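As you go down the protein sequences, you meet chains A and B in turn.
Be aware that the first sequence starts at 1, since it is given in the numbering used here, and climbs by one per residue.
Be aware that the second sequence starts at 182, since it is given in the numbering used here, and climbs by one per residue.
Check the hints yourself; a few may be wrong.
[What the hints assert, rightly or not] Computed footprint of chain A on chain B, listed as stretches where at least three residues anywhere in the stretch have a Cβ under 8 Å from a Cβ of chain A:
| # | segment |
| --- | --- |
| 1 | 484-496 |
| 2 | 561-573 |
[As the list claims (entries may be wrong)] The following label-pair restraints were derived from C-beta to C-beta distances:
| # | chain 1 | residue 1 | chain 2 | residue 2 | range |
| --- | --- | --- | --- | --- | --- |
| 3 | B | P510 | A | R121 | 35 to 43 Å |
| 4 | A | S122 | B | H266 | 55 to 63 Å |
| 5 | A | D76 | B | G541 | 21 to 29 Å |
| 6 | B | P483 | A | L71 | 18 to 26 Å |
| 7 | B | P218 | A | D76 | 24 to 32 Å |
| 8 | B | S555 | A | D76 | 30 to 38 Å |
| 9 | B | D526 | A | E116 | 34 to 42 Å |
| 10 | A | D76 | B | N383 | 38 to 46 Å |
| 11 | A | P108 | B | A575 | 37 to 45 Å |
| 12 | A | D76 | B | E287 | 41 to 49 Å |
| 13 | A | D95 | B | G541 | 51 to 59 Å |
| 14 | B | I538 | A | D76 | 18 to 26 Å |
| 15 | B | R230 | A | R121 | 43 to 51 Å |
| 16 | A | L71 | B | S406 | 38 to 46 Å |
Since the hints were derived computationally from the structure, they do not count as laboratory data.
As the structure is a prediction and not an experimental result, all values here were calculated from the model.
From the three backbone atoms N, C-alpha and C, an ideal C-beta is built for every residue, glycine too.
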Amino acid sequence: APAATPAGPRDPGYTKVFACSACHGRDGASRSDTVPVLAGMPAWYLKKAIEDYAAGRRPAAEMEPYAKMVLGLGVDDVAAYFAARPKAPTPIAPDPAAVERGGTAAQPCVACHGAEGKGDRSKGAPDLTGQPPGYLLNQMLLFKADTRSPGDPALTAQKALLKAIPDPQLADIAAWWASRR
Amino acid sequence: APAVRGDFLPRRGPRVVVVGGGWGGATAAKYVKLGDPGIEVILLEPNRRFVSCPMSNLVLSGVRTLESLTRGYGGLRAHGVRILHREASAIEPDRKRVRVDEGYLEYDRLVVAPGIEFQTEQVEGLAAAGDRVLHAWKAGPQTVALARELQAVRDGGVVVLSIPPPAFRCPPGPYERACQVAWYLKRQKPRAKLIVLDASPNIISKTGLFRAAWRAYPNLEYRPSNRVVRVDPDAREVTTDFGDRLRYDVVNLIPPQRAGTIAVRADLVGADGRWCEVNHVTYESVKHAGIHVVGDSTIGLPVPKSGTMANAMGKICAHQVVRLLAGRPPEPMAPVNVCYSWVNDVEAMAVINAYRIQNGKVVQVEQKLTPGQSAASGRNALAWARSIWDDVLA
Ligand SMILES: Cc1cc2nc3c(=O)[nH]c(=O)nc-3n(C[C@H](O)[C@H](O)[C@H](O)COP(=O)(O)OP(=O)(O)OC[C@H]3O[C@@H](n4cnc5c(N)ncnc54)[C@H](O)[C@@H]3O)c2cc1C
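Excised from the complex, chain B in its bound form (with noise of 0.2 Å):
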């Protein structure tokens, strides 16, 4: 498509521009529709199609296809959101606009949900290791590609998995990882092995449920409080902080991360450059008025950086929204959060939040775990994904 210049779609009513079309922009584009049809929504996303990043660590033991988590934007149009294929470059606080290219778009609100992104530089060589490090941490051709990796290693080798220190999306998700790649060799190369290496010192999420799970992975061994520092993909090696080396034949390496890039730009992140504080009710950014920021990118709120949780904080941004465009006071609600981990190719687990609002602020009421791993938790999962694909999409 030909770069846009000047104010490319003059603006005739009020207005909510959103950046990013993932779990948290593509529920609030939706939600604000849901919320005043009269409004108009506008959301910016480079990706023509949506990959759930939940789910995906099945793609790597063979158990899914990374198709099966892959869905169009079709249902929003149908809502009346407008998208535009496009990435914001920067952000205008003070003129109320969003850049894209050599033009602009104004809003009167702007929702900003670009994920995370990878601060490579915090492990020496992986900048310059490119697709020869693989992080699979934003479904996609990298999920694939570990996938292909994971298939090629020879019976005998070493796969090494780094776990970077919190905050990182999806507390659990690199453990649920753990399982599904050691679940893929017991089955295909019985003799090969997984080194976990996580710069925490225990599991972070769901610990006793990983453990009980992980005594059927012998092939697992799990080394906390071991943060890579460096990768060496020439020598297939990886360097801890204590200096101990680890030769590996496949590495899947977790980068350290921070807010989306757009999020840095325009300066919506703290004093440590990493994510966007807001408040706890409108998700307006406590730097820049008529901003609001939804789902990985936020720190503060005691929630994990899941996909429920983006779908939530989407949905309840967008009702806030809605009202404030109204001239309403925004309304206390509090989030919800469910995550769902998949041991094997049946059994799952979950771990339920529930909150609520005091003084302001979103506090945790409750969190409850499944009582252990099951098939019918593993069915539940199921269930969750396709109706909350829905919600975020459809």
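For reference, chain A alone in the conformation it holds in the complex (with noise of 0.2 Å):
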């Protein structure tokens, strides 16, 4: 990763980004538990977000519009920013005993998220850890549901996975990944 630089004007990104923090915070440290941290957030996955929603194939009313108003300022400059940011995991703290119901059923994930659950490139797949609990457990029971990227071959496996487990146990299972440091 790319070291910590401090945030600034000096920064291409700087003024890029002055929409995302009235939702995501400033410079994608997010504190609230159902729109994701997008400090640290490596470039290529934010990218790939950023193009899934302005194509509509990530539904989600807040982002479509933002996202497009992105590529049209230039989605690197703003990856790279939050690319460079320190990471800022989640400060919210999830029930313990869910946590720990979590951290078995969980297992299955490290096959493309890695072993951490920080996020294998090569899978496509991105980092879970710290991020907030409310988000997580929403993106999956998308997947579950297929109203993220509908149809996409690259998720098949994924999403059989995630409609075998209940929701409940879809709840612990985010808990676990959001205390992961």
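Join the two chains into one complex using the hints; note that each chain is given alone, in its own frame.
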């Protein structure tokens, strides 16, 4: 990862991310339960997410207009800006009992998301650790319902896996990954 | 604090003074400091605490407390912003000074963000009614007072909510308020009724979504094209422009609005005497050089008067002010908007707007609505509030 540099007006992404802090927090360090942390997110994944929102593959009313805007401003500068920020894990501490239950249930995820859950670019799988639990659960439910990237063959295996897991257990898994550092 | 006199804080370097520490002004003050810590930033704001209008309709339904929407200004101080809890009483554009009490402050650039003021003279009897007729359109004591009146209303009573003609602060706000009041009455006073008198011929924001939400509220009666022109708190009666009279047990009269008084006094408003026209790239007043206006006081951009918009304008304006003070040209940047509206205690819906700058003007590129109301949007609304309060103040 690139060395963390202090954010500032000299960064070519500085003004291009002005809009994001209203929901994602200053420099992408989200403190809320349902909006993801962008600080420290690898550029390749952030860029793909923006392209997916803009194309409507990831339906999200909040993100679609802004994703298109980011493509117009220059997604590479935006992605580089967040990638250079120090990762800021969610401050939301899930229920410890849920975390413990989730630890076992989360084992199948490591096949793609890496042994520590920190993501594997070769598999296109992002870092799950330190994201807010509410956000992680929402995304799992969207995969399960096949509304996030519907029909994407690269996600068939993950969706089959998630469909087999009952919702309450998904919440436990979300708690687990949210609690990892 | 004793009254100040003369040049009470002599200038030592480049200085930006900000009038008003609400959504637009507090954001602008912070972002000037982020952009160039070498610029001295002084914020004038009479209130010691910031109270959020967004989410304040939930205080009326008892879902939230006003305390949960109240924050201090410590975060801005940590960025190096100097805060004076005083009111600007006048602006002298030619001398580049802001007057405070008997004294003044010099500035290189001034950001004016005083929000809105009520045109009480537009409704007969309103000025004389004082606190007997509540607006609750600036979150604070009136919000709590209106919540108490709703709690005290008899079952079977009539609550009247009156919506002024545009332009006013937060276009979806009155309809969100109607949802919250109707939700509360439905649960707590099942025989009471809410009558909404709207000066406009139809719901002016998220029309279909509010219509759908109101299906859950048979206790809500919507009367479009009904402008309230008179209020009589002794008779507990409002009169519309058609001469119809309506008795109420509780009234919430949202008055017609204009820019904050300081903007009017400083001759920043246009011929209508209400709102301030600005350059769409720099937010500099078209009437006075060196003075920028952001937030609800502005007019002419195709944008709503919202907290998100005031925050976006504050950031962009701050960036241009920093550039202009450094002798660099402004950099065209478009604002963004999102407005969540709560339809009950857990569900919300949103409108999202994207803009671009075309030939030096802000134009809307896209407007998107959430597919409907949902608890998921409610959670995103909470997330937005949490993040944007920090963006303004932390
Ligand atoms: C019920 C309600 C719900 C709303 N919901 C939402 C929502 O969900 N989302 C959203 O985006 N927006 C919402 N809004 C709109 C939002 O509150 C406003 O658009 C926003 O506050 C505008 O910011 P501003 O900086 O222009 O004004 P304000 O935030 O009102 O700030 C103006 C400040 O200037 C100060 N001031 C005035 N005169 C002087 C002076 N002479 N000297 C010094 N200081 C002065 C005032 O004390 C005040 O603090 C809502 C509004 C209401 C009423």
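Hint by hint, here is what the structure shows:
1. Counting residues of the segment 484-496 of chain B whose beta carbon lies closer than 8 Å to any beta carbon of chain A gives 4, which meets the minimum of three for the stated coverage.
2. Counting residues of the segment 561-573 of chain B whose CB lies closer than 8 Å to any CB of chain A gives 9, which reaches the minimum of 3, so the coverage claim holds.
3. About 40 Å separates the C-beta atoms of P510(B) and R121(A), a value consistent with the hinted range of 35 to 43 Å.
4. Restraint check, S122(A) to H266(B): a C-beta distance of roughly 57 Å satisfies the suggested window 55 to 63 Å.
5. Look at D76(A) against G541(B): about 27 Å separates their beta carbons, and that is inside 21 to 29 Å.
6. For the pair P483(B) and L71(A), the supplied restraint of 18 to 26 Å holds, since their beta-carbon distance comes to about 22 Å.
7. Judged by the Cβ atoms, the range 24 to 32 Å given for P218(B) and D76(A) holds: they are separated by roughly 28 Å.
8. Our hint of 30 to 38 Å for S555(B) and D76(A) holds, since their Cβ atoms are close to 34 Å apart.
9. Taking 34 to 42 Å as the suggested C-beta distance range, the pair D526(B) and E116(A) conforms, at roughly 39 Å.
10. Range check, D76(A) to N383(B): about 44 Å between beta-carbon atoms, so the 38 to 46 Å window is met.
11. Look at P108(A) against A575(B): about 39 Å separates their beta carbons, and that is inside 37 to 45 Å.
12. D76(A) and E287(B) have their C-beta atoms about 43 Å apart, which keeps the hinted 41 to 49 Å range intact.
13. A hinted range of 51 to 59 Å for the beta carbons of D95(A) and G541(B) is consistent with their spacing of about 53 Å.
14. The hinted range of 18 to 26 Å is satisfied by I538(B) and D76(A), whose Cβ atoms lie roughly 21 Å apart.
15. The supplied range of 43 to 51 Å is met by R230(B) and R121(A), whose beta-carbon atoms lie about 47 Å from each other.
16. Checking the proposed 38 to 46 Å range against L71(A) and S406(B) shows it holds: the Cβ atoms sit about 43 Å from each other.
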